[in-house]
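Position 276 of the sequence shown, counting from 1, maps to 276 under the UniProt record's numbering, and the rest follow consecutively.
Treat the hints loosely; a few may be bogus.
Said to hold, decoys possible - DSSO-like, lysine-lysine: derived pairs with alpha carbons at most 27 angstroms apart:
{"no.": "1", "residue 1": "K57", "residue 2": "K81"}
{"no.": "2", "residue 1": "K42", "residue 2": "K95"}
{"no.": "3", "residue 1": "K13", "residue 2": "K81"}
{"no.": "4", "residue 1": "K81", "residue 2": "K112"}
{"no.": "5", "residue 1": "K95", "residue 2": "K112"}
{"no.": "6", "residue 1": "K281", "residue 2": "K255"}
{"no.": "7", "residue 1": "K95", "residue 2": "K81"}
{"no.": "8", "residue 1": "K252", "residue 2": "K281"}
{"no.": "9", "residue 1": "K42", "residue 2": "K13"}
{"no.": "10", "residue 1": "K57", "residue 2": "K112"}
{"no.": "11", "residue 1": "K95", "residue 2": "K128"}
{"no.": "12", "residue 1": "K81", "residue 2": "K42"}
{"no.": "13", "residue 1": "K112", "residue 2": "K127"}
No lab work stands behind these hints, which were simulated from the structure alone.
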Amino acid sequence: LLYHTGQPEQCLKAVGSLEHHFQKATDKAVLLRAAALYCKDKQLEPAVQLLQDYLAKHPNTSLSVPLTLAQLLLVQGYISKCCQLLRSLGDVSYKPGVVSALVTLYQSLDDKSSTLAVFSEAVNWYKKHKPECSDLIMAMRQSQAQFHFVNQEMREAAPILEELRRSNPQDTRLTAQLLAAYSAFDAQKAKELSHDVPTLEEQMTEIDVDALETAAWTMGARYAKKAAKADPSPAARAQDVIKKKKKKKKGKLPKDYNPNVDPDPERWLPRWERSTYKKRKDRRGAPAGVGKGTQGAVGA
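Whole structure, please, built from the sequences with the hints as guidance.
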């Protein structure tokens with residue numbers, strides 16, 4: 001509470017009291033002290049030094065201390081030191097979350113060799129200590145192959161994909177990736193592998209065309225809502241049929257309608273195109289004195 005309310009001095013005193021009365025709570029006390037130092041004028045260096053000294057004296061401490069130190073190192077921009085710390089955590093450094101963090105950090109440093117080393121060490125550790133985690137091993141190998149693909153290292157990606165394909169020969173996506181890798185450096189191998197790729201006709205047999213056409217995602221969310229409203233029940237359809245059978249009301253005829261007189265055949269034409277149309281004289285361009293004054297008058 002003292003830390004979150006911005007009272008570092010009182011927080012440090014409370015931490016000292018905690019260390020004195022509760023000897024087993026040293027990890028929490030150190031973390032609180034580091035947080036208080038960080039809170040006080042954002043002094044990162046003393047907080048980092050405090051945690052580093054504590055880790056040197058207590059290497060078997062809980063994970064909260066080294067992970068807090070790693071976070072502080074990242075805040076200061078010490079990415080290499082953070083990676084070294086994460087890789088020194090023993091078996092914890094092979095957990096998927098830590099491996100993912102290490103790969104991301106090394107990629108930000110453009111350190112390809114360290115990135116590949118993290119992948120290889122993690123895969124070898126799981127093969128040796130947890131061979132039953134085959135899905136996790138395959139996921140890491142796929143990420144490693146994808147890393148080679150992104151860096152245009154097809155020769156390095158091909159053997160990894162071959163290993164994955166042997167474990168799962170029915171995966172057409174792996175076959176396609178392996179074909180793309182071999183196409184970059186071994187045309188003959190790529191040609192042989194192309195026979196294992198299923199044809200379009202074979203893939204189309206497993207696709208329900210009608211289901212795709214009626215799928216809502218093809219037309220968007222608005223169409224899906226309209227389609228949901230437009231599907232009537234059988235009773236509603238029967239009601240629609242009854243409504244359609246109703247006769248249309250006859251239009252009302254004008255009051256001066258005479259059935260004995262044929263309608264004007266030019267009634268559909270615009271008024272100025274009819275033969276009976278007389279154009280009004282436009283006198284806007286005539287001289288000012290023409291047509292004015294008494295009849296027979298002589299102009300001046």
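Outcome of the hint check:
For the hint linking K57 to K81, the alpha-carbon distance of about 19 angstroms falls within 27 angstroms, and the restraint holds. A distance of roughly 31 angstroms separates the Cα atoms of K42 and K95; the hinted pair therefore is violated under the 27 angstroms criterion. Distance check on the hinted pair: K13 and K81 sit about 31 angstroms apart at the alpha-carbon level, beyond 27 angstroms; violated. Of the supplied pair hints, the one linking K81 and K112 holds, its CA atoms being roughly 17 angstroms apart against a limit of 27 angstroms.
Between K95 and K112, the direct Cα distance comes to roughly 20 angstroms. Compliance with the 27 angstroms bound is thereby established for this hinted pair. Note on K281 and K255: the hinted pairing is violated, with a Cα-Cα distance of about 33 angstroms set against a maximum of 27 angstroms. Of the pairs offered as hints, the one joining K95 and K81 holds, with about 19 angstroms between alpha carbons and a cut-off of 27 angstroms not exceeded. For a cut-off of 27 angstroms, the pair hint linking K252 to K281 is broken: about 37 angstroms separates their Cα positions.
For the hint pairing K42 with K13, the CA-to-CA distance comes to about 18 angstroms; that is within 27 angstroms, so the pair holds. A threshold of 27 angstroms between alpha carbons decides the hint, and for K57 with K112 the separation of about 33 angstroms lies outside it, so the pair is violated. Taken as a hint, the K95 and K128 pair is honoured in the structure, with Cα atoms around 14 angstroms apart against an allowance of 27 angstroms. Distance hint between K81 and K42 is fulfilled; the C-alpha atoms sit about 20 angstroms from each other, no more than 27 angstroms.
The hinted pair formed by K112 and K127 meets the criterion: a straight-line CA distance of about 23 angstroms does not exceed 27 angstroms.
Hints 2, 3, 6, 8 and 10 from the list above are not met by this structure, while the remaining hints are.
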